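So the sequence lines, in the order shown, correspond to chains L and D. Its first residue numbered 86, the first sequence is counted upward by one per residue in the working numbering. Its first residue numbered 11, the second sequence is counted upward by one per residue in the working numbering.
Calculated from the structure, these hints are not laboratory results. Source: prediction; values computed, not measured. Any given hint might turn out to be false.
[Said to hold, decoys possible] Subject to a maximum C-alpha distance of 20 Å in a straight line, what follows is the list of computed SDA-like cross-link-like pairs (lysine to any residue): (1) L:K163 - D:Q91; (2) L:K203 - D:K212; (3) L:K127 - D:H99; (4) L:K203 - D:E106; (5) D:K109 - L:R131; (6) D:K18 - D:K152; (7) L:K203 - D:F127; (8) L:K203 - D:I134; (9) D:K212 - L:R139.
Each chain is listed here by its residues.
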Amino acid sequence: MKLLGILLLSVIPVSWGIGQYIHLNRRTTLLIEIVQLILTVKERIRFTQTELDRLLSFLHSQPGFSKDVKLIIRSVMKKRNYNDILEALKKIKPALLKEDEIFLLSEFFASLGQSDIKGQIELCEFYFTEFERIKTKEESVKTEKSRLSLGLSMALSAVIFIILI
Amino acid sequence: MDKDYSLKRFDSVLHYLPERISARLIRLEKELKYSAEEIRLRAGRPLTITVGNSQFFILKNGTSMLPKADMLIVSAEEIEQTFRELCNHSVYSHSEEIKEGYIMLEEGHRAGICGTFVGADGGISSVRDISSINLRIAKEVKFCAGNVIKDYDGGGILVCGGPGSGKTTLIRDMVRHLAGGMTGRFYKVAVVDTRGELAAVKGGVPTADLGSTTDVITSCPKPKGIEIALRTLYPDIIAFDEVGDVAEVEAVKQSMNSGVSVITSAHIGSVTELGKKLQTRALLETGAINRVVFCNKKDGFNYEVYNANGLEITK
């Protein structure tokens with residue numbers, strides 16, 4: 086029983102480390118997908134000029150996007166103005182995104198459909214650059230933090246195990 | 011025309027309008043609703059409805075043929091809101107239409123846009139500060155082409171008339187007859203529907219009844235559309251609305267050389283005017299037109315049919 090207790094206690098830091106790693110991984114994946122989403126929107130507008138509702142439905146049906154992105158798309162469907170979109174995004178609380186990223190994403194969705202093709206392409210390029218910058222930063226953070234959190238948690242687990250044994 | 015159908019057509023444009031305006035229009039008297047041809051919104055000016063040559067001013071309660079104090083005034087914000095609704099909140103997907111001054115709606119209705127047109131590269135790039143919107147209610151009049159088309163045995167038809175005389179309606183019904191086997195044969199008809207008024211395609215499916223053997227090319231410039239139809243669809247007849255410039259007349263000539271008949275229309279009010287307009291004269295000179303139909307909507311749907319030499323066939 087004692088050994089089992091020690092093992093369980095030792096596992097806690099490791100699970101935390103793995104949890105951190107998974108969180109960072111999911112966040113980076115979500116940011117990559119948002120960048121892909123913006124690119125897809127830009128190309129669909131440029132080449133097919135599909136109306137916004139149908140475009141969002143199309144994006145929602147794409148197998149390449151994860152549940153997190155699909156939830157974001159679903160929540161902004163039929164929403165026409167910034168406040169409604171922001172409220173909807175805040176409601177689903179995409180925990181993987183920071184508050185300023187939610188604001189940025191709301192601005193992007195609210196600007197869709199408001200101007201001609203040229204304007205929309207420029208808009209997509211702007212938000213693409215913004216999210217690409219966030220994504221790149223987050224990728225380097227992920228590499229550093231995931232190594233650190235995994236290393237620390239494993240070391241902590243080992244220390245706990247040694248002390249308690 | 012079926013009054014219930016006309017009422018439904020009127021009601022089908024109301025969802026594009028701001029609540030204050032649509033709520034008032036819902037309460038209009040039925041007679042005005044089913045005979046309405048246009049709903050006109052002008053920023054800072056009264057809301058009007060066009061019936062034939064008459065304008066009805068919409069009052070807060072009732073209507074009047076003369077301006078009155080309690081007219082329903084349309085605000086600039088309401089115009090902007092209507093514009094967004096007409097575009098289905100996707101301005102970019104209507105960019106090409108907006109440059110031409112209109113927005114095609116899913117039900118076949120058309121909205122004329124008036125405002126400050128912004129130029130770029132020698133053309134129009136966009137429109138801003140929209141000041142007026144003319145919502146034109148499209149209606150199908152089934153069997154109106156029956157007598158024009160009943161003895162059809164090939165050859166081109168030019169439908170003439172002034173604005174709002176029913177040219178598009180007549181062409182649509184001709185296509186329905188020809189592609190619906192009502193003339194004794196199912197003709198393969200290719201409709202080049204540049205402005206979306208003939209077929210009113212929604213998600214790839216024409217919402218207007220155009221018969222069983224019709225192919226529709228939408229949102230394509232007419233000369234290119236005719237070329238595509240000739241090359242890929244091998245039709246018996248090509249139908250399109252409003253022959254306008256020399257390139258379109260050339261495309262008609264090309265289709266005639268391929269043995270394909272053409273049904274089209276022109277903004278011409280009388281036989282004497284027919285020879286005066288450069289494009290129609292050029293069109294008649296191609297030899298592609300066998301019949302000329304003049305239509306007007308005075309006291310119902312009326313038309314006169316002439317052969318290409320200007321001799322009247324029927325009335």
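Comparing the hints with the structure gives:
| no. | hint | result |
| --- | --- | --- |
| 1 | L:K163 - D:Q91 | holds (16 Å) |
| 2 | L:K203 - D:K212 | violated (25 Å) |
| 3 | L:K127 - D:H99 | holds (16 Å) |
| 4 | L:K203 - D:E106 | holds (12 Å) |
| 5 | D:K109 - L:R131 | holds (17 Å) |
| 6 | D:K18 - D:K152 | holds (16 Å) |
| 7 | L:K203 - D:F127 | holds (16 Å) |
| 8 | L:K203 - D:I134 | holds (13 Å) |
| 9 | D:K212 - L:R139 | holds (12 Å) |
When each numbered hint is compared with the structure, a violation occurs for hint 2 only.
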